[in-house]
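Asker: This is what each chain is made of:
2 protein chains.
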Amino acid sequence: MAKKHSEMKVVHKPAAVHSPSLLQRWFIGRPLPTADAPHQAIGKRVGLAVFASDALSSTAYATQEILVILAAAGTAAFGYSIPISMAIVALLAIVTISYEQTIHAYPDGGGAYIVSRDNLGTLPAQVAGAALLSDYILTVSVSVSAGVAQILSAFPGMSHYRVVLAVSLVMFIMLINLRGVKESGFIFAIPTYFFLGMIFLTVGLGMARYLTGGLSTVVDPPALEMVGVSGVTLFLLLHAFSSGTTALTGVEAISNGITAFKEPRSRNAGKTLIAMSLILGTLFLSITFLAHQVGAIPSEGETVISQLARTILGGRSWVYLLMIASTTLILVMAANTAFADFPRLSALQASDRYLPRQMTFKGSRLVFSWGIVTLAMIASLIIILFQARVTALIPLYAIGVFLSFTLSQSGMAHRWYKIGRLGVDEELQEKGSRLQYDRNWRWKMVVNGFGAICTAVVVVIFAATKFSEGAWLVLILIPTLVMVFYTIHRHYANLADALSLAKLQMPNTIHNRGVILPISGVHRGTLKGLQYARTISQNITAIYVSMDEDSDRKVVQRWNEWGAGAPLVVIDSPYREWMYPLVDYIEQATAKNKEGDVLTVVVPEFVPNRWWHHFLHMQNATWLRWALRHVRGVVVVDVPYQVRC
Amino acid sequence: MAKKHSEMKVVHKPAAVHSPSLLQRWFIGRPLPTADAPHQAIGKRVGLAVFASDALSSTAYATQEILVILAAAGTAAFGYSIPISMAIVALLAIVTISYEQTIHAYPDGGGAYIVSRDNLGTLPAQVAGAALLSDYILTVSVSVSAGVAQILSAFPGMSHYRVVLAVSLVMFIMLINLRGVKESGFIFAIPTYFFLGMIFLTVGLGMARYLTGGLSTVVDPPALEMVGVSGVTLFLLLHAFSSGTTALTGVEAISNGITAFKEPRSRNAGKTLIAMSLILGTLFLSITFLAHQVGAIPSEGETVISQLARTILGGRSWVYLLMIASTTLILVMAANTAFADFPRLSALQASDRYLPRQMTFKGSRLVFSWGIVTLAMIASLIIILFQARVTALIPLYAIGVFLSFTLSQSGMAHRWYKIGRLGVDEELQEKGSRLQYDRNWRWKMVVNGFGAICTAVVVVIFAATKFSEGAWLVLILIPTLVMVFYTIHRHYANLADALSLAKLQMPNTIHNRGVILPISGVHRGTLKGLQYARTISQNITAIYVSMDEDSDRKVVQRWNEWGAGAPLVVIDSPYREWMYPLVDYIEQATAKNKEGDVLTVVVPEFVPNRWWHHFLHMQNATWLRWALRHVRGVVVVDVPYQVRC
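Residue numbers (the working numbering), protein chains in the order written: chain B, 910 to 1554; chain S, 910 to 1554.
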């Protein structure tokens, strides 16, 4: 499309699109034009499938993680899992009601970062950003590890490949996301409803058996690893509670993605949120109840879900395998959700200049490629470090989610407070506030405020009970990340200042004082450099760093023949260094620069035609350019000499 | 020192020597001037210490490796170790006599590479080079692993740190060698004579006890791991023989280092060789004999040397510890020898242009730093892969040594044949041959020829009996290396051709067609680029790759204000690529180049003042330079813009 803003502008259209390499096309697909960005709205049923996988999938491990902690007080303590789960479901209800309000207040998407930034300011927003980014990474590590644990429950013979399987899955999800998801939400619907079908079948059958008294206990359960080392203390119960709160991770997903819903967006999104929470709460309670009834044992070797499934579904049958497959699939989908959330949030932070600008660039397939790759790399590293063991990862997980819950709800509470002030504070109204008065503001402030307090309490419980197990790492990581964000921000701000034309007079013109031509010998490449130098200056000095007299004499003699009268400076280098003497000479020469003077260093550079040839050469030109980059008043010219050999 | 070869030359002296970083000074030491190269000659006694460590140290594992193989036929088969050792000592005698002749024929150093190159041609020389380089690497891996095995025999509690200890030792030896060895050979003499003292004490005491009937058997020997899986077959005996031939590794060291000896060099070196072989043969036979008498068991947990030492020296006493320490030390010295040999040989091959030129450069401490680091890295990798287990490494080891023995002796035999022809073939004499007639040529040819045949037979036995255990790897590696050497050589030869001035007429002058100035925005950096461009051409075109219309309009408007009348081309990039459209535009522009025309691309480059800032920027200038390096008729100018922020 030819556009004309001014006479000065000429529009050029590239001949064709850059054809990607075969490898790239195979894995990533052909490039997509910017105009192809999707604009598709989804209904409640597909919306549930798209956004619920993260939240629902946590039922696959939350019960087990409660039991792992209780096991310290012996199997008799497993009964406590039921009241603990009830407390968690109550918390779920509070968070759901809070977020339902957010969805209506932020119809364009109200993630914790945006809500904090709008209502609390920059620092809370960056804290929320740090908390969420860490948690998205852990979502990938935990969900994929839990998915692998399901596979290994069904096929224990593969247990040597736990880490390999998990990392391969992460790489697979990364590639899928680098391709970009042009597919409709329908594709997402399949695994979610498959899982819901299988889990409700299992839980329903289990409940029916329980009511008819036909529910047996687990045949041949795994051995309990750590037992009876502690009594039932308040600390232990709170500890188990914190582990169980991982069931709530993912509840915030819908509030991030409201724009994807059909109009009326907020209503549809809100209803979907409530439906999701009802399903989640029911499932979580039922699984915990049934796990207790069948006497499931938390174990690294076989998941509680697998024990439950084979007890209810009649051993390792094909229905059991379908159940395990659906659980694995929903966990992979949960990891996939983080691959949408992490790059989107990091792009948002990068466009606010708190993360490297690269994060804002969309790749050839219209996705934030940098964010996707970064997430996959860090998540894989964590999986390797923790050997893909869910129980080892859980102490790091969820603290970020609850911190962001707290910030988001506090932001909302403050927002309602401001809205309440709209009625009395005219100044606020005059500022052209985007806020709309709401006469229920008091009630809504209380709801969000109560949500904030509850989630804050969970953060404290979590940090206290899991501190020594790994939560300390997150408590160091989040402030560190915030510091890094601020340092990046300061750099960009200073740079914008330094580059600004605001206070610039039309600058003085530059005077080219002459050319310095470093040579490593006299050959065709050198002569091409000399010829180019002669097009930009008459004042040329060649320099040769001499390490032994023999080659020295040869170079001088050949320069006399071919150097076209330009003087040659020979620098002795008794320590066999070549770069330092050269940089030293150039620095001394620039000392004579006046304001606006520039010295041009012309570097003849040999360009080999195969990549491995680079290892056979010293890359002197590259090193010299690198060494000279901080020397003011110097411009480096590469004169390439292409050789076919 | 100011030198004047011609009026054209000006000599510049650097202000000071480049001061190395603190880290570098601490580990490597201050730079040494070229004039500091050592010129010190050593006598026979020090010569023995310097060159014998590699050969003598192999007595620390050769016996054990014979027993490991024989163990497959049960402990009763251990008796065969004595005739096998005798055969190996006979082989040692043959190799020694062969090499004694080489030493007299090549007073300037006659390693297998040089001898093969002189007498057999390029291909055999490169095969010898490949064989020797692989074996030097394995010398480091095997000797250090064997040294660690001694330490672990004395301190079994440290067995978890086997690999860590071995790799740390390699790194330590690397650092020592990067410092360079200015110290006299005297330093080397201490560990060698310490070892000789301790081992002769042990062996002598053992023999005395045996003769007086007071030699007991090993108390509490380690368990035998694999036993009785095979009968005593010819294959088994040959297999054990091949393992034992590792005792001969290092015998060639003196022939490489003749120049280090006092005059008469060849005589002194020859006598040292014979003394070394006598000691080696005696020690090896005695150790094998005594190991059999005390019933030593080959084991990964405790070395045969350790079992022997504690049986003879009265348990784990301090004398025992001294013996173990001296054995560890001599093994480390053997590894150290490879750190002298590998870089020297690779520099030799590099100066013949069969390896990257970097290998010929002496570092700041006058050593071939590249070779030292390469050796340390590969040897460490092998140690990690084989978990520092000597028995696992042995099948790879020694095959290269015997291949190089064979090539070297064949070369010598051929040399004697040519010398014999001197008497009859006048043409040969006229060519100004450096060969001197020797009337004993027939006898000497038979000696070297017999040596060649014997060592060739060992190569075949070795390859056949150890093929499946790992020798296949070496049999693939050596031809692969030779192919790599030839590929490198071809590249350098073609390059020299392409750069040669031989057939060059004084070339046409270059015409600078104009400047292309890619910009990413209009700011101070861009304007500096524009000003520089104006010093070299009046024909300037700015290019901007547009990804969205907003920024597009801003750039055009600001360019109208600041662009000093230069036209601006805006390229639409629907796929959000910036580099491909730019390169495409520049390629199209160069299509109009006539012979000798050049287009200059001026790239304003922002230079941050902290290294980590690089991660916050896209490095567009670097990528563009890289993409343009193959486009003919283009010169790239970096105009750096240094920013403090």
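Simulated from the structure, these hints should not be mistaken for lab results. It is possible that part of the hints are untrue.
If several chains are the same, the list does not tell them apart, and a pair holds so long as it fits within one copy or across any two.
What the hints assert, rightly or not - List time: in silico DSSO-like cross-link candidates among lysine-lysine, alpha-carbon distance up to 30 Å: (1) Lys1412 <-> Lys1463; (2) Lys1463 <-> Lys1271; (3) Lys1353 <-> Lys1501; (4) Lys1327 <-> Lys1412; (5) Lys1180 <-> Lys1271; (6) Lys1171 <-> Lys1501; (7) Lys1503 <-> Lys1463; (8) Lys1463 <-> Lys1171.
If you're wondering where the values come from, they're calculated on a predicted model, not measured in any experiment.
Asker: Next, verify each hint and record whether it holds.
Answerer: Checked hints:
1. Lys1412 <-> Lys1463: between (54 Å within a copy, 18 Å between copies)
2. Lys1463 <-> Lys1271: For Lys1463 and Lys1271, the Cα distance is within 30 Å only across copies (21 Å; inside one copy 54 Å).
3. Lys1353 <-> Lys1501: Neither: 71 Å inside a copy, 71 Å across copies.
4. Lys1327 <-> Lys1412: neither (39 Å within a copy, 85 Å between copies)
5. Lys1180 <-> Lys1271: Close neither inside one copy (32 Å) nor across copies (74 Å); limit 30 Å.
6. Lys1171 <-> Lys1501: Neither way: Lys1171 and Lys1501 sit 69 Å apart in one copy and 55 Å across, limit 30 Å.
7. Lys1503 <-> Lys1463: neither (36 Å within a copy, 34 Å between copies)
8. Lys1463 <-> Lys1171: neither (80 Å within a copy, 35 Å between copies)
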